[in-house]
Amino acid sequence: MATNENRIALTGSLDFANERFSDVAVALVDGNGCAKLRQKIRGSFRKPEVEKVHVLQSVAGPVLKLFKQAEKLLGGKCEVVYAGSVGPPK
Numbered sequence: 001m002a003t004n005e006n007r008i009a010l011t012g013s014l015d016f017a018n019e020r021f022s023d024v025a026v027a028l029v030d031g032n033g034c035a036k037l038r039q040k041i042r043g044s045f046r047k048p049e050v051e052k053v054h055v056l057q058s059v060a061g062p063v064l065k066l067f068k069q070a071e072k073l074l075g076g077k078c079e080v081v082y083a084g085s086v087g088p089p090k
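At position 12 of the sequence shown (counting the first as 1) the number is 12 in the working numbering, and the numbers step up by one without a gap.
It cannot be assumed that every hint is accurate.
[As the list claims (entries may be wrong)] Mimicking SDA-like on lysine to any residue, the simulated pairs with C-alpha atoms at most 20 Å apart in a straight line are: (1) K47 - V26; (2) K47 - N18; (3) K36 - D15; (4) K47 - A83; (5) K40 - N4; (6) K36 - N18; (7) K40 - D30; (8) K36 - A83; (9) K52 - N18; (10) K52 - G84; (11) K52 - A83; (12) K47 - V80; (13) K52 - G87.
[Claimed, not checked] What follows is a set of in silico ranges between Cβ atoms, one per label pair, in the way DEER data are often shown: (14) G84 - K47: 24 to 32 Å; (15) S13 - V55: 19 to 27 Å; (16) D30 - E51: 29 to 37 Å; (17) P89 - E19: 20 to 28 Å; (18) S44 - P88: 12 to 20 Å; (19) S22 - G84: 30 to 38 Å; (20) K90 - F45: 19 to 27 Å; (21) Q39 - P89: 16 to 24 Å; (22) H54 - A2: 29 to 37 Å.
To be clear, the hints were calculated from the coordinates, so they are not data collected in a lab. The structure presented is a predicted model; accordingly, all values stated were derived computationally and were not measured. Yeah, the Cβ is synthetic: ideal placement off N, Cα and C, and Gly gets one too.
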C-alpha cells in the first residue's frame with residue numbers, strides 16, 4: 001500500500017482457523033524496498049502482542065552519514081522486505 005508520502009508492507013500470515021497472527025510485521029519501506037520502521041504483531045486476534053516500533057533507518061545526522069559512506073565502500077545492502085508492484089511515492 002502506498003500513500004502520497006509512504007509505502008507500507010505487511011509480511012507474515014494470518015491464521016484464521018486458530019484466530020492468530022503468525023509472524024506478522026508491518027513495515028514502512030523506502031524506495032529500495034528496505035524497511036525504515038518495523039513493528040511485529042503476534043498472538044491471538046483478540047489479544048495481540050504488538051512490539052514497539054523498531055527504527056531501522058533514521059535521520060541521525062553525521063554518524064549516519066559516516067555509516068552510509070562506509071556501507072557504499074563495503075557494498076553493504078539492506079534486507080529487502082518488499083519487492084512487489086506498488087511503487088514508491090513520487
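Do the hints match the structure? See the list:
In summary, the hint linking K47 to V26 is supported, as the alpha carbons are separated by about 17 Å, within the 20 Å threshold. Proposed proximity of K47 and N18 is supported: the alpha carbons are some 13 Å apart, at most 20 Å. At roughly 26 Å between alpha-carbon atoms, K36 and D15 are farther apart than 20 Å, so this suggested pair is violated. In summary, the hint linking K47 to A83 is not supported, as the alpha carbons are separated by about 31 Å, beyond the 20 Å threshold.
Of the supplied pair hints, the one linking K40 and N4 is violated, its CA atoms being roughly 24 Å apart against a limit of 20 Å. Among the hinted pairs, K36 with N18 is inconsistent with the structure: their alpha-carbon atoms are about 31 Å apart, more than 20 Å. This hinted pair checks out: K40 and D30 have alpha carbons roughly 18 Å apart, not beyond 20 Å. Simply put, K36 and A83 have alpha-carbon atoms about 15 Å apart, close enough for the 20 Å limit, and the pair holds.
A C-alpha spacing of about 24 Å is found between K52 and N18, which places the hinted pair above 20 Å, so the restraint is violated. The straight-line distance between the Cα atoms of K52 and G84 is roughly 26 Å, outside the 20 Å bound, and the hint therefore fails. Distance hint between K52 and A83 is unfulfilled; the C-alpha atoms sit about 24 Å from each other, more than 20 Å. Straight-line distance between C-alpha atoms of K47 and V80 comes to about 29 Å, which puts the hinted pair past the 20 Å bound.
Simply put, K52 and G87 have alpha-carbon atoms about 27 Å apart, too far for the 20 Å limit, and the pair is violated. A beta carbon spacing of about 30 Å between G84 and K47 agrees with the range 24 to 32 Å that was offered as a hint. A beta carbon spacing of about 25 Å between S13 and V55 agrees with the range 19 to 27 Å that was offered as a hint. Our hint of 29 to 37 Å for D30 and E51 is violated, since their Cβ atoms are close to 21 Å apart.
The beta-carbon spacing between P89 and E19, approximately 34 Å, falls outside the hinted interval of 20 to 28 Å. The hint said 12 to 20 Å for the Cβ distance between S44 and P88, and at roughly 34 Å that hint is violated. Distance hint check: the CB atoms of S22 and G84 are about 20 Å apart, inconsistent with the given range 30 to 38 Å. For K90 and F45, the Cβ-Cβ distance of about 36 Å falls outside the hinted range of 19 to 27 Å, so the restraint is violated.
Between Q39 and P89 the Cβ separation comes to about 20 Å, which falls inside the hinted range of 16 to 24 Å. A hinted range of 29 to 37 Å for the beta carbons of H54 and A2 is inconsistent with their spacing of about 21 Å.
In the structure shown, a violation is registered for the earlier hints numbered 3, 4, 5, 6, 9, 10, 11, 12, 13, 16, 17, 18, 19, 20 and 22, in ascending order.
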